[in-house]
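Quick note, the sequences are listed as chains A, B, C and D, same order.
The numbering of the first sequence is this note's numbering, which starts it at 233 and goes up by one.
The numbering of the second sequence is this note's numbering, which starts it at 233 and goes up by one.
The numbering of the third sequence is this note's numbering, which starts it at 233 and goes up by one.
The numbering of the fourth sequence is this note's numbering, which starts it at 233 and goes up by one.
Don't read these hints as lab results, they were simulated from the structure.
Just so you know, not all the hints are guaranteed correct.
For the chain D half of the interface with chain C, some residues (derived, Cβ under 8 Å), not all of them [unchecked claim]:
1) 286
2) 343
3) 466
4) 469
5) 472
6) 476
7) 501
8) 508
9) 518
Output of the computed footprint for chain B on chain C, the stretches with three or more beta carbons under 8 Å from beta carbons of chain B [claimed, not checked]:
10) 368 to 380
11) 386 to 397
12) 400 to 410
If you're wondering where the values come from, they're calculated on a predicted model, not measured in any experiment.
Glycine residues also receive a C-beta, built at the ideal position from the N, C-alpha and C atoms.
Number of protein chains: 4
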Amino acid sequence: MFQVRTDLAVEARELYKENKRQEIPGVEVEKSQVEDAIEITRVKIIDEKGSQLMGRPKGSYITIEARGLKSADADLKDSVSKVMAKELVRLLPKKKGLSTFVVGLGNWDVTPDALGPEVVSKILVTRHLFKMYKKTEDPTMSSVSAITPGVMGTTGIETSDIIQGIIQKSKPDLVIAIDALASRKMERVSTTIQISTTGISPGSGVGNLRKQLNEETLGVPVIAIGVPTVVDAATMTNDTISMVIKALKSHSKKGSDFFNILDDMKDNEKYALIKEVLEPYGANVIVTTKEIDKIIIDISQIIANGINIALHPGIDLKDVNRYIN
Amino acid sequence: MFQVRTDLAVEARELYKENKRQEIPGVEVEKSQVEDAIEITRVKIIDEKGSQLMGRPKGSYITIEARGLKSADADLKDSVSKVMAKELVRLLPKKKGLSTFVVGLGNWDVTPDALGPEVVSKILVTRHLFKMYKKTEDPTMSSVSAITPGVMGTTGIETSDIIQGIIQKSKPDLVIAIDALASRKMERVSTTIQISTTGISPGSGVGNLRKQLNEETLGVPVIAIGVPTVVDAATMTNDTISMVIKALKSHSKKGSDFFNILDDMKDNEKYALIKEVLEPYGANVIVTTKEIDKIIIDISQIIANGINIALHPGIDLKDVNRYIN
Amino acid sequence: MFQVRTDLAVEARELYKENKRQEIPGVEVEKSQVEDAIEITRVKIIDEKGSQLMGRPKGSYITIEARGLKSADADLKDSVSKVMAKELVRLLPKKKGLSTFVVGLGNWDVTPDALGPEVVSKILVTRHLFKMYKKTEDPTMSSVSAITPGVMGTTGIETSDIIQGIIQKSKPDLVIAIDALASRKMERVSTTIQISTTGISPGSGVGNLRKQLNEETLGVPVIAIGVPTVVDAATMTNDTISMVIKALKSHSKKGSDFFNILDDMKDNEKYALIKEVLEPYGANVIVTTKEIDKIIIDISQIIANGINIALHPGIDLKDVNRYIN
Amino acid sequence: MFQVRTDLAVEARELYKENKRQEIPGVEVEKSQVEDAIEITRVKIIDEKGSQLMGRPKGSYITIEARGLKSADADLKDSVSKVMAKELVRLLPKKKGLSTFVVGLGNWDVTPDALGPEVVSKILVTRHLFKMYKKTEDPTMSSVSAITPGVMGTTGIETSDIIQGIIQKSKPDLVIAIDALASRKMERVSTTIQISTTGISPGSGVGNLRKQLNEETLGVPVIAIGVPTVVDAATMTNDTISMVIKALKSHSKKGSDFFNILDDMKDNEKYALIKEVLEPYGANVIVTTKEIDKIIIDISQIIANGINIALHPGIDLKDVNRYIN
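Just chain A, same shape as in the assembly (with noise of 0.2 Å):
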């Protein structure tokens, strides 16, 4: 059966709620907004149960949504890192001299994979200068390192592997992996970042990883963020028929033919259907915005600013946002 790919839990949960038309047990969820121009939505799976029904781990997963994204107001991109900052230092180990390894999933040469990458080249690196000054902490700033380990296409070795391996060297207290994400909703492309404290799982992002980056396979804790620049082409298309077949019903008697056609049609048929509109797409059909490229360079900013500002407390957003280009 067509499964919608998304790669958020509030979407997962969504789904779920349009479907069964009630909450979906074994998860908490929390909403609040920030000057009225950003909402947080915090989803937490509290047992097997709500793992299994949204397909994710146990664990949190907060949501920031701000619509306002689309255009280019400096000032809420300057909130919506703040925001991020806040949720990213409440997840942090509580450990002095903490230090954190940055990765950038993704392929740089593909543009919408491209935001790890990106976010890497924003970060402000400094593990090699408390190693040279042999300090262990220091009131303004933490230990960072940060790599971008490509994609298994273009080294031929397993993401995990890299990432493991440095990790065995350079022992690390904390991981946070930034990727790029499928959304359902062409709404949340480029507006919506989620972090989470479950790691990343195999074929989610654009750029399908396939092994875990979780605790439990980095043997440090892993902070997930990750921002949607694509939407599923089948998912566009099974969007696009489920609204097909709702106008139609809505033309005829309930209980006639025709109703119950539309109603078995719904999920058998259906699939047929997306698989035979996007046969002739090939395979990796993606739906986007053309300004795909610009919206990687400026989301990679907000989302470098607010790891920035959050792992080093002496440093504030005015200077990020003028040393870091």
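Fit chains B, C and D to the given chain A structure using the hints.
Same frame as chain A, but now just chains B, C and D:
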């Protein structure tokens, strides 16, 4: 009413045939095959009637299609360059000492729109050498100049004004304008090259040009070369809806209410649906492939090679493949 | 005879003083200090004599020097942008609804020559908006267009022809031309901005322009903004030889054969030596810094900011630092 | 005392001969010519004495020089790739199912240091295919993985630690490390390829690596491939000073005060002069060519081709020239 968006003459014709179930009047079509991997379709709009039905000016539209271009078959790439060069040579003004001005339309900061600039970066430019050595003709090469004028959003100036201004100074005999196009079908993205003698029309291409570029506006003949790099999201949605309706019709007796509902749904309501589907997606939604960055590089090489060997008799493909990166 | 290569008026004057041990006639010089981190030198060539001795047209040459720019001090960068904007405003034609055309000279594929194109990519372009809304003036912004014409080697067309052609179509009141320069001293590379009212002369800059760009050739006033990004290798060699000779002289009695040999060596033989040193190095040898890539990005931001706040009264530095990446 | 900076064994030997006017002991040298456009010099350091005098570990240093590479002769480029491949094959461990890890050292944001990353981007990576199809060997290709580890300033981690970590996970049989070098003579920049079996030493290369990369530190054999992309400014200054002194000596009688002054100037004072010349230039001053951006692209293609045909018996140059952009 909804208009399927396509910049390809072959598709405009396809659409007419699908709806009217007849060949389009005022248009001559001729197909041929090269090494059964490459299909050439020559669409000739011969009168006003045809021009109006096709929504395009009178003239020749040559389409070179090679599905195999999706894979990295270097030999096929070379064949396509040669086929393209042959068609191009046939369209060149018969003049000793021909001087050609190659214009790469589109925005190099927008990947699917960067085809033109990419091609220009690979063109063998020689005009300054002819000037330097005070030559007017040469057996091995012809005078070629090239520019990427940018887009109005980044220059503040109508692209047509920039090109006209440069033409008045550099006095070429011919303009070859390269632009990224929108196709109706994903399978044509990056596998189809359209060469036309009618210039480039407003609103066509990925990067919405606003004024005509043709012999009338520029004062010299214009050969337009385009390759589809995206599919308009509305077009894909429209195709999807049509397929759903077709599928449902197959379940219902001709003449039944159901069948009729489906029939009169066709146009008015269909358009409303398309809008409903795409509204949340905002403007500038495109359907493309994850490989678009690499595709732009590959296809621009094919086209630049075709132009280079067409304009410079003295060089062959072996040279350009190695000299120009 | 060997000519020290410099595009900076302040250095042309320095050289004269070093050789002739007197102030250069026909030239007025005025120095001032800003926040003692920025030094402004106003060189005014007032007559033919001065023009000939300086090897430059009559007019004003304003040099803004800030050694601190080598380090990443964001506050100093902002101060320099503001100082530059102030000087620029003083040079702008006093006209309501001024329309400016910014030209980024140089080759974006040659790092030390890419300053102009980099600046243009950060300019706030507004001309098309004025056209769209049929406005001629606005309290917050002025009409700005911008282009990177490329270099003759890649376009096949004289850069001056391209610019003239576009000016004839777009009819600006003013041209601001940005170009990368060669300095005599490495310490001035990336720390010095020269603003002049005399346009740009052939052979100056890193990318050897061949025709004048000034009010006479373009028909509108031209403000040239340049930053040294390289030192000519011959110049550095010449300085080295002079130092060796000076050092040796300090060992020998005035009038001794030794001293005399050193003295008449000075010119003729010195030049032979320079050639001998550089011959194996081939043409196009430059002395620059390993950081040149980053420097081009930083300094282009400073200059673009200066131009943006000078031409758009409504925006301040805080905005441009964040809006334009 | 001043040390001429060179990463080329052939130059270290040159220097010794210039100063001591004798062949260097403990070193075997063998020259050969290919198509009289390519010169191969094999320097073998055979004992401790030689190692100490050369300031390099014992082992083989193969230098491939082709002055013609300065011009864009595609046939010569291909010949150099083939010659290089042949030398490389001779150095490969004789092992069925050899697995090679290619490492591109240097900083891709610093043009003259970007050689390594550029080469890696053109390497045919296959290791993941061997894993996917569970093969250990193949007649047409061998298992190749590749990475660009970045530099400590951008990752915060010792490059050697990153490489060691990845090696422990991916278990290659061989490392091929590519790095940009500093030459003593501009004529060797971009025209010389050095292949050595001794790994890469600290402080060599343009991008100052800090730890050894060799069989001892990495646990597998290391083949280092380097190309000079810059000349150290101090080296050029030193050469200049020597030439001045040589010129002056030719004017003076052996034994005269003058001659003696020149003689004992030689070392101590010479160094003071070099410092005096370069002080104002600050650190990181390099001498290079204006074409360095293009040169990095061209030479990286030559080297990548050489590696690709050496490691993948099934492909020939025609393929790689067209498949890999």
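Hint-by-hint comparison with the structure:
1. 286: 23 Å, violated
2. 343: 5 Å, holds
3. 466: For residue 466 (chain D), the interface hint is violated, since the closest Cβ of chain C sits about 11 Å away, which is over 8 Å.
4. 469: Holds, about 5 Å.
5. 472: At about 5 Å, which falls below the 8 Å cut-off, the nearest Cβ of chain C leaves the hint on residue 472 (chain D) intact, so it holds.
6. 476: 5 Å, holds
7. 501: Nearest chain C Cβ about 7 Å off; hint holds.
8. 508: 6 Å, holds
9. 518: At about 6 Å, which falls below the 8 Å cut-off, the nearest Cβ of chain C leaves the hint on residue 518 (chain D) intact, so it holds.
10. 368 to 380: holds (count 6)
11. 386 to 397: holds (count 9)
12. 400 to 410: Result for this restraint: holds, n = 3.
Checked against the numbered hints given earlier, this structure breaks hints 1, 3; the rest are met.
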